[in-house]
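Asker: Listed here are the chains, written in short residue letters.
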Amino acid sequence: MFRIVCAKWGDYQDTNITQLFNNVKEKSSIPFTFECFTEFSDEFNQYQYQKDHCHYWDQGGLPHANKLQLFKLDEKFDKDDVILYLDLDVVVTGDIAYFFNLPTKQPYIIFNHWWYDQNEDWKRQYNIAHCPLYNSSVMLWKPGQNRPIYNFVKKYTEQVFFTYRGIDTFMFHTFGPYCKKPRSNHFDYFSDGIITSERLHGKATGIIHSYEGIPKK
Amino acid sequence: MNIDYAKRLEKVLNGVWWHYPFMIEHVRDQISVTEYCIQRWWADKINLKEKSVNILNSGFGFYSIPFAKERGAVEINTYDMDPMTKEIIMGSNHDLCNIVFDHEDFKQADVWINTSCEHNYPMGDIIPKGTMCIMSSNNLRKRGHINPVNSLVEFKEQLDLSNLIDMDAINFDFEDDEGKRKYEQYFVMGIK
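Going down the list, the protein sequences come from chains A and B. Quick note: to get the numbering used here, add 817 to the position in the first sequence (first position is 1). Quick note: to get the numbering used here, add 1 to the position in the second sequence (first position is 1).
Source of the hints: derived by calculation from the structure; they are not laboratory data. Don't take each hint at face value.
Claimed, not checked - Think about it this way: if two alpha-carbon atoms lie no more than 25 Å apart in a straight line, the pair counts; the simulated SDA-like pairs of lysine to any residue are: (1) B/Lys-143 to A/Cys-871; (2) A/Lys-971 to B/Gln-159; (3) A/Lys-889 to A/Leu-957; (4) B/Lys-143 to A/Gln-876; (5) A/Lys-940 to B/Asn-78; (6) A/Lys-889 to A/Gly-827; (7) A/Lys-940 to B/Leu-14; (8) A/Lys-844 to A/Phe-819; (9) A/Lys-998 to B/Pro-129; (10) A/Lys-997 to B/Glu-105; (11) A/Lys-940 to B/Ile-25; (12) B/Lys-183 to A/Tyr-873; (13) A/Lys-971 to A/Leu-957; (14) A/Lys-889 to A/Lys-998; (15) A/Lys-896 to A/Ala-914; (16) A/Lys-940 to B/Asp-30; (17) A/Lys-868 to B/Lys-143.
Stated by the list, open to error - Computed from the model, here is a short list of chain A residues facing chain B with C-beta under 7 Å: (18) Asp-875; (19) Gln-976; (20) Thr-980; (21) Lys-997.
For glycine and all other residues, C-beta sits at the position ideal for the given N, C-alpha and C.
Sequences are here, hints too, so could you generate the full structure?
Answerer: Listed below in structure tokens is the structure:
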């Protein structure tokens, strides 16, 4: 079963969900189920505070930690299902069948190929926990494949929430190419150009265009 | 100072010149007079003869590695999260790791040193019990400092040592694009 999921909390409205569903339906050549997660466990709530005396990106608190809960909430799905997660502000511009034809030996996340090539920025800022090369606006996985990430957060809850403000930086540092085995290289990456970014590319030329909170024109 | 020190300096500068010119600001901070004073503080107080040492958040250990050797250390292990450090560092057994999450994999060592505690989750939960440690942090608010402390007392509480041997505070000046400011660097030496 091909499952498209999204998650709603904070300022998003039900109309955003309907809009995304209609957008996906219009662009898909294959059958799929669509589900928006709106109920999340409160297990991390007490850790979601910001350290006011620190710079914005050093305040910790993982404000979007609900997204990581999806890696546990997927247990209700069948093990052979394939899940495509979409942020509520992405725009689908091509056929999403592409994603369900990818090999699923590893889960996928967006890799900032553009930024990787401009390596000065991310290398210079790696040690200050900024400039992640990961973007979780779109992810693909089979149920259970990302459970190690959820389990890691459960094991080191206080440390993770103290250290990181962005879940993308957390995953890049802790499950990315430069961390210790067996966590390293947890993800495979969507090919360059499949998912474009308003912030980096400015226009949609792939299958999905990500806005990452930037207002749509 | 000996030929090994000169070789390290040459290798570091060559590496930065050819491969990481954008890291020059970071390297400048690591070889600054302030950094020298911070590392000198512990180097003047401890005898490391026949001891093994873990240096956490080493940067590239520009002063800490030669000081540890000068004080007699027989084994020096350095640990950093930043992948660029691995390319630049020399003179220690270097391990690329996140000191908060990977400390269970650290090599056993007689002495643990972290002079950049402001960059990570409080060390009290990380240092093994009964271990000699030298820790330093500060009250400087700047990008990347996820754990600045307000006082020496607060820092001491974070470390939760069983036996305090020495502690100190030194004033330094700092300047970046947010302007000039003074800050205090805190030092604590003791047994976890």
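Asker: None of the hints should be skipped; say for each whether it holds.
Answerer: Evaluation of the provided hints:
1. B/Lys-143 to A/Cys-871: holds, 8 Å
2. A/Lys-971 to B/Gln-159: Since the Cα atoms of A/Lys-971 and B/Gln-159 sit roughly 22 Å apart, the hinted pair holds (cutoff 25 Å).
3. A/Lys-889 to A/Leu-957: Given that 25 Å is the threshold and the Cα spacing comes to 14 Å, the pair holds.
4. B/Lys-143 to A/Gln-876: Within the cut-off at roughly 12 Å; holds.
5. A/Lys-940 to B/Asn-78: holds, 23 Å
6. A/Lys-889 to A/Gly-827: Holds, at roughly 20 Å.
7. A/Lys-940 to B/Leu-14: Answer holds: A/Lys-940 to B/Leu-14 is near 17 Å, not above 25 Å.
8. A/Lys-844 to A/Phe-819: holds, 14 Å
9. A/Lys-998 to B/Pro-129: Given pair A/Lys-998, B/Pro-129 holds - Cα atoms ~22 Å apart, limit 25 Å.
10. A/Lys-997 to B/Glu-105: OK: A/Lys-997 and B/Glu-105 at ~12 Å, within 25 Å.
11. A/Lys-940 to B/Ile-25: Satisfied, since the Cα-Cα distance of roughly 12 Å is no more than 25 Å.
12. B/Lys-183 to A/Tyr-873: holds, 21 Å
13. A/Lys-971 to A/Leu-957: Given that 25 Å is the threshold and the Cα spacing comes to 22 Å, the pair holds.
14. A/Lys-889 to A/Lys-998: Distance ~22 Å between A/Lys-889 and A/Lys-998 Cα, so the pair holds.
15. A/Lys-896 to A/Ala-914: Holds - the C-alpha atoms of A/Ala-914 and A/Lys-896 are around 19 Å apart, at most 25 Å.
16. A/Lys-940 to B/Asp-30: The hint holds at about 16 Å.
17. A/Lys-868 to B/Lys-143: holds, 13 Å
18. Asp-875: holds, 4 Å
19. Gln-976: holds, 5 Å
20. Thr-980: Holds. Min distance 6 Å.
21. Lys-997: holds, 5 Å
Against the hints set out earlier in the document, no violation occurs for any number.
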